[in-house]
Structure formats: structure tokens, C-alpha cells
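A.B. asks: In case you want the letters, here they are:
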Amino acid sequence: MARINDVGGMQGFGALDTSDDTEPFHADWEARVFALNSALVREGVYNLDEFRDAVETMEPSAYLAASYYERWFHAIRTLLDRKGVVAMAELDD
Amino acid sequence: MTDRFRPGARVRTARHDPPHHTRLPRYARGKHGVVVEPEGRHPLADVRSQGRDDAPVEQVYAVRFAARELWGEGDHHVVLDLWESYLENPEDGTS
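Chains as they are written, first to last, in UniProt numbering: chain A, 1 to 93; chain B, 1 to 95.
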């Protein structure tokens, strides 16, 4: 099952942006998402490979429309729900 | 467990298309390459991504591919880090 993330070698995405962007985060929420994921992996709630799997199984059109850290946040929500830490309905409140 | 492949060994990548995370990209499936060197042992991501704690710890190899083998054109090479499970001996006969 080829997934939406697996686009290596595909045509039509345009040139890669290789400009030197030294800012790790472009909004505070991005840094929080980064820290939250690090904490959840460190605490053993899920592992990094499960996290990558959760990013890759986003609905393709949502994946393509999302920013890098929006994909991370989606994966965190998916895994917290799957692991029974919190329910998706609680997160949406 | 000893390493199955030595530097310089010719290998063919698996053709698998699993329903879970894998670190063998689609463009590099069923392709011939040459082992550069072992990179160290790590739990197989394909198994670990399923939340299982029984992932085999395998050697990961740097494997060099000609762009022409991957995409049918280009004069450069691409080196990928690939788990031993992704690699077959092309002399084994099965395809």
C-alpha cells in the first residue's frame, strides 16, 4: 500500500526549497507540538516508528494540505486516542 | 547473528508493499544495488511501527544504487540505509 508520504522520485512537485532557513519553529504552537511529541516518546506512550506510521496514514488530501507540524499534531492526536490516553472527542472539546 | 552481506556484495531489494510503516521507499523496491558498509544494528522499524515489542534487531546497511537502476536515467548514485530484511541475494533465483 503506497502512502501519500512516499513521493520520492515522483514528478510534478516542483523544485525542492533548499534555502537556508535557520528558524526551527515559525510559531509557538509548533515548538509545543515538538516538545509534546518528545515527551510522549520518552515516556514510552508510543515509539518513533509508530509516530511515523501515524503521520503517513493521514488522509491524503489532508496530508498534502497540512504543514509539517500540523502533520505531527495529527499523529499525536491519533496515537493518544489509539492508546486510550485521551479520547478524540475530549480533544475536540 | 552474523551480518548476511559484506561490503561490495550485490543485493536486490524486496518488492514488498506493506500495510504499515516501512523505510524501504517505493522507488527502491525490487532494485539492484551494492552494499557499501554496515551501519549498525537497529530494531526493524516495520515491526516496531505496529506497536510491537518483538521487533528483530538487524544490521542496517548503506546500499548504493545507480540512478539509472532506480529511475531509468541519470548518471549519479543514491545511497540508502536499509535493514537486512529488505535485502536479498540476487543469485538466489527467486524474483
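It is worth saying that the hints were derived from the structure and are not from the lab. Just so you know, not all the hints are guaranteed correct.
Said to hold, decoys possible - Taking beta-carbon pairs under 8 Å as the criterion, some of the chain A residues facing chain B (in silico): (1) D6; (2) D28; (3) D53; (4) P60.
To be verified - Every beta carbon over 10 Å from chain A, so not counted as near; a handful from chain B, in silico: (5) R6; (6) D17; (7) P25; (8) R26; (9) R48.
To be verified - Pulled from the structure, derived: some chain A residues nowhere near chain B, Cβ distances all over 12 Å: (10) P24; (11) A39; (12) F73; (13) A89; (14) D92.
Built from N, CA and C at the ideal position, the CB exists for glycine as well.
A.B. asks: Beyond 12 Å from every chain B Cβ: check whether that's true for D92 of chain A.
C.D. replies: Holds, since 24 Å exceeds 12 Å.
A.B. asks: Going by Cβ atoms, does A39 of chain A stay more than 12 Å from chain B at every point?
C.D. replies: holds (18 Å)
A.B. asks: Given P60 of chain A was flagged as interface, is its beta-carbon under 8 Å from a beta-carbon of chain B?
C.D. replies: violated (14 Å)
A.B. asks: Is the hint on D28 of chain A kept, meaning its closest Cβ partner in chain B is under 8 Å away?
C.D. replies: violated (29 Å)
A.B. asks: Beyond 10 Å on every Cβ pair: is that true for R26 of chain B relative to chain A?
C.D. replies: violated (5 Å)
A.B. asks: Does the claim that F73 of chain A lies outside the interface with chain B hold up, using a Cβ gap greater than 12 Å?
C.D. replies: holds (18 Å)
A.B. asks: Holds or violated: is the Cβ of D53 of chain A closer than 8 Å to a Cβ in chain B?
C.D. replies: holds (4 Å)
A.B. asks: Against chain B, does P24 of chain A hold up as non-interface, every C-beta pair farther apart than 12 Å?
C.D. replies: Fine: 24 Å to the nearest Cβ keeps P24 of chain A off the interface.
A.B. asks: The output says R48 of chain B does not contact chain A. Does that hold with a beta carbon cutoff of 10 Å?
C.D. replies: Violated, because the least Cβ-Cβ distance between R48 of chain B and chain A comes to about 4 Å, which does not exceed 10 Å.
A.B. asks: Decide, holds or violated, for the assertion that all CB atoms of chain A are farther than 10 Å from the CB of P25 of chain B.
C.D. replies: Nearest chain A Cβ is 5 Å from P25 of chain B, so the label is violated.
A.B. asks: According to the definition I'm using, a residue is off the interface if its beta carbon is farther than 10 Å from all beta carbons of the partner; does R6 of chain B meet that for chain A?
C.D. replies: holds (27 Å)
A.B. asks: For A89 of chain A, is the shortest CB-to-CB distance to chain B above 12 Å, so the non-interface label stands?
C.D. replies: Given that every Cβ of chain B is farther than 12 Å from that of A89 of chain A, nearest at about 22 Å, it holds.
Checked against the numbered hints given earlier, the structure breaks hints 2, 4, 6, 7, 8 and 9 and satisfies all the rest.
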